[in-house]
Amino acid sequence: MKALPEFEKRSQQEVKATTCYMCACRCGIKVTVENNNIRYIQGNRDHPINKGVLCAKGNAGIMKQNSPAKLHAPLLRKAGTERGAGEFEVISMDRALDILEARLRHIRSTDPLKLAYFTGRDQMQALTGFWASQFGTLNWAAHGGFCSVNMAAAGLYTTGYAFWEFGDPDWDNTKYFMLWGVADDHASNPIKIGLEKLKRNGGKFVAINPARTGYQAIADEWVGIRPGTDAMLALSMLHVLLKNDQFDWEFLIRYTNAAYLVVHTPGQIGHGLLLRDEAGNPLVWDQVKGMALDGTQPNISPALFFEGEVQGQPVKSVMVLIAEAYLDEQYSPAKASEICGVPAEQIERLALEMAHIAFKESIEVDVPEGWIDWAGRKHYKFIGRPVSMHAMRGISAHSNGFQTCRAIHFLQIMLGTVDVPGGHLAKPPYPKHIPPAVKPAKDCAPNTPLRTPPLGFPTSPEDLVLDENGKPKRIDKAYSWDAPLSNHGLMHMVISNAVKGDPYYIDTLMIFMANMAWNSSMNTAETQQMLVEKHDNGEYKIPFIVVSDAYHSEMVNFADLIIPDTTYLERWDTISMLDRPISEPHAACDAIRQPIIKPEREVMPWQEVQVELGLRLGFPALTNPDGSRKYKDYQDFIINWEREPGIGFLAGWRLDEEGNEVPLRGKPNPKQWERYAEEGAFFAYHLPENTRYYRHANKDYLELAKSAGWVGSTKQIVIELYSETQQRFKLAGQGLYAGPMPTEAHHKERLSQYFNPLPFYYKPLEQCRIDEDEYPFYAVNQRPMFMYHSWDSQNAWLRQICAQNYLYMNRQRGESLGLADLSWVWVESHHGKIRVQLKLIEGCQADTVWTWNAIAKQAGAWGLKAGANENTKGFLMNHLISELLPQQNDALDGVTNSDPITGQAAWYDLKVKIYPAAETGTWPLFSTIKPLPHAQESPDLLRYQTHAAVNVVRSMEDVLERGSVHDGNRGTSGSKTV
Amino acid sequence: MKLGLVVDLDVCVGCHACAVSCKQWNTSGMSGALTDYNPYGEDPSGVWFNRVRSYEVGDYPQNKTINFPMSCMHCEQADCVDVCPTGASYKRVEDGIVLIDQDKCMGCNYCSWACPYGARELDRSTGTMKKCTLCLDRIYDERLEEVDRQPSCVITCPAHARHFGDFDDPDSNVSQLVRERGGYQLMPELGYSPTNRYLPPRVTRLIPTEDVSKKSLISSVKEWVNKMVER
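Those protein sequence lines, which keep their order, are chains U and D. Numbers given in our numbering equal positions in the first sequence, counted from 1, plus 188. Numbers given in our numbering equal positions in the second sequence, counted from 1, plus 975.
One chain only, chain D, in its complex shape (with noise of 0.2 Å):
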């Protein structure tokens, strides 16, 4: 199995719904606490697996605005593994989820430094790195109803923006999204073949307006002639 998520970049709306159902339910999770400093305070942070950046492109009036939710993207070429000095960072075999035993991680951050996606985070307060599990404390957890093993972000999404699924099912869901809507890599040219999936903006189709527009326009109330309605 291949275990992923893909995202839906023409819906999502930048709610950061996911972001915060992700830290809410990691927070009491496997990795849990996820910490935060300052929360009353000044320049608040914590610990967070998952995070929107918005950012736009284009210039006034031709500009958009792109809402792009990171977390984990599972890669199969995951540096953040191979760097790891003590074995703490491991991706599993089984499913190809990349997670990291806290017992042995030391925080020494390289992991961090491995990734480009910006998806590991050292908490200070425990002193290890964390991240993204893709929820494996839910997703096979069969106490829970079946539509509920799955990854908190994707279960909340408003939008439905996310989607969670096995990639080396070609019938999944996520197999078939990326298919019919071109789901592409984010930066695949760095080599780490990210599992996580993107879905582009649709195109816009194009309606047509001749069939409701007159050649010669009316201009006084004199040129309709009343139509025969019964009420």
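Only chain U is shown next, with the shape it has when bound in the complex (with noise of 0.2 Å):
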């Protein structure tokens, strides 16, 4: 072989391990980098998430990172100019911050909640949370409330854990999985290596989607639902479990409250809460003692199914409730079928499937050490039921998801396979307590920080966040009658209620990283005008707006102070235990981000800013007594501060008493940064073996979640089927409940119909208060997986993939309304319309529209030309939702347009007609962005590189003696075609 060419100068480059941050995912990468430009991002091989491969988005990094739509400095609005004209002066970071502190200052000294902290799709909750808590305000809350708070509450009040950061399929074992709804890319790599897995070890995979496209494409089965419907769907399947007696007895009896007892006296106070003893303990029937224990006790043999009086009530046990509930009819796959449109004999094929799975199919993992249960018993198998899910976005982003969440919750239940070998397995710090013991914060007085944080897990009304009236103190309503398990707040709502002065003004508004004036919000050209809305006195009804992002997106443009982040290739930066970290099943993890550039604009990661002004406003947990700063900056701060002894930010090479590094619990370690950078920016602690499975109960393993602080008890985790919670929401709208309840007529009704013990089908609100014959079809959206839960508008790489979005419909329905592929239509909603480009598909259901959202920019944003196809042809789906139930002149008029129970935006509850439009190009269309001072033209020609390419030369003597080498045998079958 002759000797190829040195192709790249190894001395002059520099590999250096990093977290990706080109989605949610996390993953580990490798950067190669080249006179600080980047050669190549890899993924690494030995990190826990991606195991060394790195999907369309980790793979774009260099264009992220060369954008021309990245901000350059701080910039200020010009005064005398009208709040999203675009017209900024540059100013320099120690001005941005002085007029940041001295705003916060004075808010933080008068009325904490007069500012409004919310941010985007960031991955430092636990940072922005504890300095909304430090500031003394309620109003804080990350993206969540539109993104996934259904199935985050839905799994931690059931299983104490729940899809993506909480738990993922146990990929080597599973035989069986089904994907619920909307879930390409969340996460991104896992899952991916996880299908290839399955289908490796001959499992099946059964998919649950309207559209057939992602992750859907290699299903081996697809089940094109209709939106919304997949309650029904779940509960039908379990009807056929009960029906067919397939349930898992052993698993029910020692893992959940199924056998526990439930007060049966309707219409009355008390009625459907747990029966209890003096203690409080909820109570079983023993069958060997034929009498009412402590259901909370080991060695009993509690009756699954009984009715009958205990201390003088009528009880059922809840496995009663659960069979009256769902053996009903109404979930016969008949009846379900004329729901979702999935045809009644393939509703119970894969119930029955699940069940073979399942039970015949049963896997055991041997321990050969044993493994000791919550009640000190040792046992050496771990019995697996190798049938496992996922769900997301599809089941979230519906007004029933949190119902519809704990109905698939409830099948992995039934099926015995929540943390067992080939089912749903929880990843470290999951799971927790059924609901995590943090209660929302409730209270807030100047200069003074939160009693607890300011997001939790209200288990009764008492935990609301009302004033003395029943009102809503946050401004986001969260907590409040209208949406009481609102988590993750409701971050979709907090410029409409902010601009009506509903529940009350806000002075200022700080964004981090979030598009609420286009993408990230419903009712997206009203959002844009309410952003600039003014009082009569010429002042802006949000008097400041404050937004950090490295790029210019459209938010950007309505800000009054721009603080320029920086890229995630230029920072340091945790992602957390105290967060939603980045541990597989088997392995405590976490990471940080390390900076591989040298930014060269006049930029600060928002994490800085944050512990900067912490320490300028005089937090409590940042300052000394005598008022002299604690920590020099975010790195120190990071190591050095303490949630509890031996418990900080980073759970990676802790201090032992003697110095030794440990891992979890330990003393700050001065190195820390240093060694996650040696190890490749993570780090991993790896469970032994004992403590893999049945985590709920395992002894071992509550006893290192307790030492890590990742729970609070060694207490068995009891799952609970039957949500007691629920119960005391719904008790409380019917006037039953010996507390708080609810004096308005809309929310006792919504408490006494939305919440329920048992999860159940009801139809999306939206559909409700709207004519359903006059639109039709079921609109979703969904990200492509080269994009999702990522910026990349502007990315040169992965726009040329998609740059622009059509309106995809089942070809056939669209060719029995004459509707022509390729045509320009109106689609039409109750709340308005727009114009878009149809693309008529096979891998649509007959009743659903959908598209890929975010695609399209207002013109001028994210550094596109003009005449970009995401301008002009690209279109929002986002205009024709409103963050607003349909308007019925009554009550419900001024309600969230959510899930009645955790106040999850709902935006895939529209409902649209659609019918052929005479002009094209896309409708409305907004003006354009103008320029950002410093912002550079973006180029009309790409050529990327950080060397001049090594040619391979071939020799002329080869082309002389060769020349051309085909002119052998032609293959037998074909002819030639040149």
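For the record, the hints were derived by calculation from the structure and aren't laboratory data. Treat each hint with caution, since some may be false.
[Unchecked claim] With a cut-off of at most 20 Å between alpha-carbon atoms, the simulated SDA-like pairs for lysine to any residue come out as follows:
| hint | chain 1 | residue 1 | chain 2 | residue 2 |
| --- | --- | --- | --- | --- |
| 1 | U | Lys197 | D | Lys1039 |
| 2 | D | Lys1189 | U | Lys1101 |
| 3 | D | Lys1202 | U | Asp474 |
| 4 | D | Lys977 | U | Asp465 |
| 5 | U | Lys1118 | U | Ala273 |
| 6 | U | Lys204 | D | Arg1124 |
| 7 | D | Lys1039 | U | Asn725 |
| 8 | D | Lys1039 | U | Gln534 |
| 9 | U | Lys903 | U | Asp465 |
| 10 | U | Lys548 | D | Asp1186 |
| 11 | D | Lys1190 | U | Glu1107 |
| 12 | U | Lys1101 | U | Gln1075 |
| 13 | D | Lys977 | D | Lys1202 |
| 14 | D | Lys1190 | U | Asp1035 |
| 15 | U | Lys936 | U | Glu960 |
| 16 | U | Lys239 | D | Val1200 |
| 17 | U | Lys1027 | U | Glu1107 |
| 18 | U | Lys729 | U | Asp360 |
| 19 | D | Lys1079 | D | Ala1089 |
| 20 | U | Lys239 | D | Leu1119 |
| 21 | U | Lys569 | U | Lys1021 |
| 22 | D | Lys1079 | U | Gln1075 |
| 23 | U | Lys266 | U | Pro731 |
[Said to hold, decoys possible] Only some residues are given here: those of chain D computed to face chain U with a beta carbon under 7 Å:
| hint | residue |
| --- | --- |
| 24 | Val988 |
| 25 | Pro1036 |
| 26 | Pro1175 |
| 27 | Ile1182 |
Where a beta carbon is used, it is the ideal one built from N, C-alpha and C, also for glycine.
Mind docking these for me? Both chains are given alone in their own frames, and the hints should help you get the complex.
Structure, rendered in structure tokens:
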């Protein structure tokens, strides 16, 4: 073989490990840098999340780093110009921080609620939440309210963990995987890695989704369901399981509250609550002693089915209630089919297939040294039911998403697949006790930190965040009667509420990395109007808007003060165990980012900004009693701040008393950042074999979890099939609760109707307030996997894959309506209309239309040039979606278009009508955003390379000798075409 | 040696990771830069060595969606080489990789017309044709760890749908995969004898349900008799 030239000058290159941030998946990457430019980004093979692979987004990091939309310096809206006009002056970072400090100092010392601080797709909610608590405002949340709170809440109120960041299928052992709803890339690489494992192992992949794109393409079976009806499908499968006596008795009795006794006194205070002994322990009917006993004890034999009178009260066991509820004819496959559109035979078969895999193809994982259950009993096997599931946005973004997600968890629990081999596994620090023992902060006062975090988990109406008149205290009305379990807040309501002064006016809106003026708000066009709305006196209704972002987004254009952030390759950052870490089921992990590229702009990481502001404002946790700074900067803070002794933001390489490095708990280590940087930018503590399954009832695991600060107690985590929390709110709605109750009729109705201790199907709220005959199509949207959870419409490579979205419709349905492929159509909802280009496809349920979300961009934003397809042809469905319920001149007119339990934005509830348009081109069109000072003209031609190419020269000798080498035999069956 | 790729259509989800990974490696690689035209404007496009086509087969509801990554097949009968008037295009003797000597190429496009797989692209900025090199500048680079001496698209593929190896070696991973999974050539009837192979979707096994079906279905709670299960 001839020697090849030296293609790369390795001496001029450096490889550094860090964590990707092209989406929220947080994969490990190794970045090769050459002359402060990125040569190559590769997945880190040792990393627990991506194990070496990397998705399209991660591979496009070079173009993110080199985006012409990067912000270059702090900007202040020019005096005398209108907000949104795009007139800014460049100011220094010092001045920007001074302005912000002065504003915040005044708010903090007078009325901290005047600050609303909301963050987008960030991965540092432990830090931003800490900051808000120290500042003393209740008005903080991240983007979970319009993303996935239904999934998190349903899981944390049922199994103690949930999908995605909280749990994963046991990809190595599962034999049957059911994917519910739009979920492409939530998470990105792990699901792809897992699907391949599943298929290689001969497992079956069932995809339930109105659209057959993305992961659904490789599903063994595609179930084209109607959007928002998944609860009906899940509960109908549960019906089939019950009818055929297929559920895991042992699992239900040992690990769930299925045998607990429920007081059955309809219409009376206390109905539907668990029967408890004097110590407050829930009771079960013991079959051996023939009496009610504390159901949390070991070595009793509870009756799964029990109905009778105990302590003078009529009671039913939870399982009796479950059987009564789901044996009901309304959940029969025939009836369910009418709602969800899935054929009855298919519903029945899928349920039985799962039963077969769970019970006839069970697996056992041997534990030679034994594992000890919560009661101290030793076992030598983990019994596995190898059926697993995953669900995300398609379930979450409906107003019935919480109950739907609970219904999916019910299937998992009935099949005994919760944290068992082959099932769905928790990821440390999960599972937690149900729900996690954090209550939302209720009170705030000037210059005073909150007593508890702003977000938490209510278990009864007493935990709501209401004033003495029962009105919301938070600007987003979280934890009010509108949405009592809004554990992630309602970011989608902040602007709308603040502009109405409902519940009150604020002073400053501080937004980090969230595009509320565009694709992250429902009702985009009106939201832009709200952002510039003024009082009669000429003052803006939201007086001051601060935005931190690394790129020129639509939201940036509406800021009064812009703090330019760094890119993900330019800063120190933590992905903390106190947050939602990068753990895998069998390893507790966290990670850092480290600067790879030196920014040549006046930018400051938002992490640093927060710590600096906190130091300047004298947050008690950041300052010494004499007012001096406790920490020098962000890095110093991360190393040395402790939530409790031994527990800080980073769990790796802490120190014991002797100064040895120890995992999980220990004293601060001054070299902690360096250790992470040396070790691939992540920390992984691999769980011992005996702590890998049944962690809700695994003594060794629970003790480990307690010592690591993940849980507060080593008590068994009893899975809550029956949710007393739900029942307490229901009772409050019915006027039967001995505690706070709503006074307004619509609140009473919503609580009575939608809160339920057992999950059920109900029609999404929007669809109950419109004429469904007029709007026959369900309309949903999803992100393509090469852009999901990322900002990347400005990405020069990714936009070559897709720069325009279409409205996708079932071909046969389109043809029956006389709509031609690629024609332009009007799409109209109760709220508005848009003009879009249609594409007819096969892979779309016949009553559904869908599109790629967030492809469209406002002209002038994101460094895109005039004529960019994202501006002229792309469209947002957001214009069709109201942040409020459809108007009917009743008390619900002002109520958020969200799940009535969690406040999850119900942007998938949309229904539309579609008819031909005479004109072409997208509508509505928006004005062109002015370029920012410092903005460089985006190039017309891009030739990115970090060094000149080294060509492989073919010798003239070879050319002459061989010439064309393929004059030999042509293949047999074809003829030459050239 | 006959180096090439195996692409597993059973697990390719169409995520484009391979395409973008190829782009980022090769834009600073031996044929770089891979020019992008109008990268921030109307109808952005550029030079890519690997593209994923997606299409549907069958009518709803019996439809399927197929994602089909395509790059140079490194054909044994490579007409793109035959038609090259300058000798820039050639098939390497030692490993069968089809390459273009950028110094000799005059961008006449004959090769792209000769290629039925759409593998060759004109870089309008350099006026030369460019194509997949199987990451020649990675696979022989002994300064890389052995596991990294593979094409960028293979290393990155999140679904492990791409495999690289020597088809002349019957024991290589690619030869084994082709044997075991019925790997096939794309459009063999055209006679180019492409080296790359595609693995067809696996056949889903049937899952029995009779053993979990009850003859007389339960219709009320009363029909269950409690089992003795110790908590």
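We went through each hint and held it up to the structure:
As the CA atoms of lysine 197/U and lysine 1039/D are separated by approximately 46 Å, the hinted pair breaks the 20 Å bound. Using a Cα cut-off of 20 Å, the hinted pair lysine 1189/D and lysine 1101/U is violated, with the two alpha carbons roughly 44 Å apart. Of the pairs offered as hints, the one joining lysine 1202/D and aspartate 474/U holds, with about 12 Å between alpha carbons and a cut-off of 20 Å not exceeded. This hinted pair does not check out: lysine 977/D and aspartate 465/U have alpha carbons roughly 76 Å apart, beyond 20 Å.
Proximity of lysine 1118/U to alanine 273/U is assessed by CA-CA distance (about 7 Å); at most 20 Å being required, the pair is judged to hold. For the given pair, lysine 204/U sits about 19 Å from arginine 1124/D by alpha-carbon distance, which is consistent with the 20 Å threshold. Among the hinted pairs, lysine 1039/D with asparagine 725/U is inconsistent with the structure: their alpha-carbon atoms are about 60 Å apart, more than 20 Å. In summary, the hint linking lysine 1039/D to glutamine 534/U is supported, as the alpha carbons are separated by about 18 Å, within the 20 Å threshold.
Taken as a hint, the lysine 903/U and aspartate 465/U pair is honoured in the structure, with Cα atoms around 18 Å apart against an allowance of 20 Å. Between lysine 548/U and aspartate 1186/D the CA atoms are separated by roughly 8 Å; this keeps the pair inside 20 Å, and the hint holds. Among the hinted pairs, lysine 1190/D with glutamate 1107/U is inconsistent with the structure: their alpha-carbon atoms are about 61 Å apart, more than 20 Å. Distance hint between lysine 1101/U and glutamine 1075/U is fulfilled; the C-alpha atoms sit about 18 Å from each other, no more than 20 Å.
Note on lysine 977/D and lysine 1202/D: the hinted pairing is violated, with a Cα-Cα distance of about 64 Å set against a maximum of 20 Å. For the hint pairing lysine 1190/D with aspartate 1035/U, the CA-to-CA distance comes to about 36 Å; that exceeds 20 Å, so the pair is violated. For the suggested pair lysine 936/U and glutamate 960/U, the alpha carbons sit about 26 Å apart, so the restraint of at most 20 Å is broken. For a cut-off of 20 Å, the pair hint linking lysine 239/U to valine 1200/D is broken: about 49 Å separates their Cα positions.
Of the supplied pair hints, the one linking lysine 1027/U and glutamate 1107/U holds, its CA atoms being roughly 16 Å apart against a limit of 20 Å. Annotation: proposed proximity of lysine 729/U to aspartate 360/U is violated, straight-line Cα distance about 55 Å (limit 20 Å). A threshold of 20 Å between alpha carbons decides the hint, and for lysine 1079/D with alanine 1089/D the separation of about 18 Å falls inside it, so the pair holds. Of the supplied pair hints, the one linking lysine 239/U and leucine 1119/D holds, its CA atoms being roughly 18 Å apart against a limit of 20 Å.
At most 20 Å may separate the alpha-carbon atoms for a hinted pair to count; lysine 569/U and lysine 1021/U exceed this at roughly 59 Å. For the proposed pair lysine 1079/D and glutamine 1075/U, the alpha carbon gap of about 70 Å is over 20 Å, so the pair is violated. Distance restraint check for lysine 266/U and proline 731/U: the Cα-Cα separation of roughly 15 Å lies within the 20 Å cut-off, and the hinted pair is therefore satisfied. Hint on valine 988/D holds. Least Cβ distance to chain U is approximately 5 Å, under the 7 Å limit.
This hint holds: proline 1036/D has a C-beta 6 Å from the nearest C-beta of chain U, less than the 7 Å allowed. A distance limit of 7 Å between C-beta atoms decides the matter here; for proline 1175/D the minimum to chain U is near 12 Å, and the interface restraint is violated. For the restraint placing isoleucine 1182/D at the interface with chain U, the shortest Cβ-Cβ distance is roughly 4 Å, inside the 7 Å limit, so the hint holds.
The structure fails hints 1, 2, 4, 7, 11, 13, 14, 15, 16, 18, 21, 22, 26 (numbered hints given earlier, in ascending order).
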